[in-house]
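J.: Chain residues, written in single-letter form:
Number of protein chains: 2
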Amino acid sequence: MNNGVNVAVFGATGAVGAEMVKVLEERNFAVNNLRLLASRGGRSMKWRGGDVPVEAVTLASFEGIDAALFAVEGDVSREWAPLAVRSGAVVIDNSSAFRMDPDVPLVVPEINEEDMVTHKGIIANPNCSTIIALIALAPIHRAVGIKRLVASTYQAVSGAGKAGLDELEQQTRDYAQGKPLSVSAFQYQIAFNLIPHIDAFGEDDYTKEELKMRNESRKILHAPDLRVSCTCVRVPVARSHSEALTIETERAISPEEAREILKTAPGVKVVDAPLDKKYPMPLDTADQDLIYVGRIRPDQSLDPGKHGLVLWVSGDQIRKGAATNAVQIAEVVIS
Amino acid sequence: MNNGVNVAVFGATGAVGAEMVKVLEERNFAVNNLRLLASRGGRSMKWRGGDVPVEAVTLASFEGIDAALFAVEGDVSREWAPLAVRSGAVVIDNSSAFRMDPDVPLVVPEINEEDMVTHKGIIANPNCSTIIALIALAPIHRAVGIKRLVASTYQAVSGAGKAGLDELEQQTRDYAQGKPLSVSAFQYQIAFNLIPHIDAFGEDDYTKEELKMRNESRKILHAPDLRVSCTCVRVPVARSHSEALTIETERAISPEEAREILKTAPGVKVVDAPLDKKYPMPLDTADQDLIYVGRIRPDQSLDPGKHGLVLWVSGDQIRKGAATNAVQIAEVVIS
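Listed in order, the protein sequences are those of chains A and B.
So the numbering used here is basically just the index in the first sequence, starting at one, shifted up by 395.
So the numbering used here is basically just the index in the second sequence, starting at one, shifted up by 395.
Bound conformation, chain A alone (with noise of 0.2 Å):
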């Protein structure tokens, strides 16, 4: 009974959480336990061809667990998971609570496994559309180094959970018919809109989700000097998140030198043939855990003597961007 860890995933019927539950199966995760936690118990969840129930939090939930992967809001993270460490689980926080905090290591597999040495009973997830820009960047930077970033978002409305993605179908279907469209999951209308806000504004006017891109890059990478910005906006696209990436590079790196780097990049499928009409696009980089890049071609707006680069990627939001990476960072722990 005993070949296998114990796994906790908590807020399992959201979309994260839930998405979660389904990459510890594909990926034959050892689970020897498999406790799903909410708010609120009730329903069960499909699992290795049966059904687990999802059971209430409470402070016995984390018993027994060895690794817990939370897809819960921040103030619900800040709560339980110093709770759960108590119980002897590691905990894999989706939140931002934790991601900042010096103590926290904040990790892509791919790009800063080495940070999860030091870790302290938790581990931060970096937020999805960092994730994704960092998985195409980390390997450029460590070739030539970057030293700015702008970065403009198109994120998909999986952002925002199952209240998302429901309320883009259901406005879809309210139009088709012909009825008022209602609005709750965001601050206005997403069917046939953008909108450029997404979480609360802050410094210098900036989104917070906007600032997480620059200053989890930061630690992510090791680079405190990096300077990004970016803008952040909402878009009517299901589940993928896509972004247009205009970097500068301390060294000169061609559209034909970063591609060959990225093809051996690990997460990375180079979809760059324009004149094959082969470029990222949201509706196929859904429901699968690559980040796709493209369009990569030089700055045209550098000044003379400066290097850079402009990219275009996307990837799936709820997998690589959230709950892919957790799992991977779960197998990290477990190894």
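Because the hints were derived from the structure by calculation, they are not lab data.
Quick caveat, the model's predicted, so the values are computed rather than measured.
A hint or two may mislead.
Repeated chains share a single entry, so a pair holds when one copy, or any two copies, can fit it.
What the hints assert, rightly or not - Pairs of lysine-lysine, DSS-like flavour, derived with a Cα cap of 30 Å: (1) Lys603 with Lys542; (2) Lys672 with Lys574; (3) Lys603 with Lys673; (4) Lys603 with Lys672.
Place chain B on chain A using the hints.
T.: What follows is chain B alone, placed relative to chain A:
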């Protein structure tokens, strides 16, 4: 009978052509006689409470015409514009055929009306995404000089004309009814997707649409050294283009100063109160003529000692991005 000018709209049945007719009427353009032209005649269109037949274009079509608004493909413009000029008409051409011709003024009346003085019969209407960006950027350029622009666009399906609008509508209805989606106006499905491919690929693997932003901006602003890099992306939005613009300026400018300048700039509406959830969105900017500008903030990625801003703009691509700008040019021509 002669208290007005004779106007032709060529391509009157397309999305831009039909809007030109609407804008001519809305603005009480001093039309004596209106002639509607298309490759094929047949139907008729509403004009001042009556019906005007759409005629198939012939060599006689432009006789007696003072101003001819062209909303046709580039190759059609290239064939017919010189013939219309020979008939004595001034052609205002919405295609890309003549935009970079040194003998043809490329005009946004709010910015460079004075360039029209030297026209030789043809005046070019700039590309939609260029007009929308420059209405916001030209006043800032005049104040502090723009050296560099990094632009990411979020372009509506109306950029592909009526066929583009119809395709998003049909795909949405088919999706809601569980039918398979068919694709013809765009390279791939556009509903719930993003396509980073507008117009053909060219220099440096940029699309022509992306290169237009650079080339046309330089010509309109009389800024041959302006450095521009652009990523153009089609999004599932009906008729307003939006753009994330990152500019480096020669002299310092604060977001507050930019807002003050833009508040009195022609064609601009500043919508920039993020804490009140006020920012430009394509649903709000459709079917009117102002370019909404917001999310104005410092560029956090600049080198120390450098100056710049990040902005978010949105404007109706069929109106100010095409039809209204053309009618405004015609108003200057006849005045």
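J.: Decide, hint by hint, whether the structure agrees.
T.: How the hints compare with the structure:
no., hint, result
1, Lys603 with Lys542, "both (21 Å within a copy, 29 Å between copies)"
2, Lys672 with Lys574, "between (37 Å within a copy, 25 Å between copies)"
3, Lys603 with Lys673, "between (33 Å within a copy, 17 Å between copies)"
4, Lys603 with Lys672, "between (35 Å within a copy, 14 Å between copies)"
Every hint, counting from the list given before, is met by this structure.
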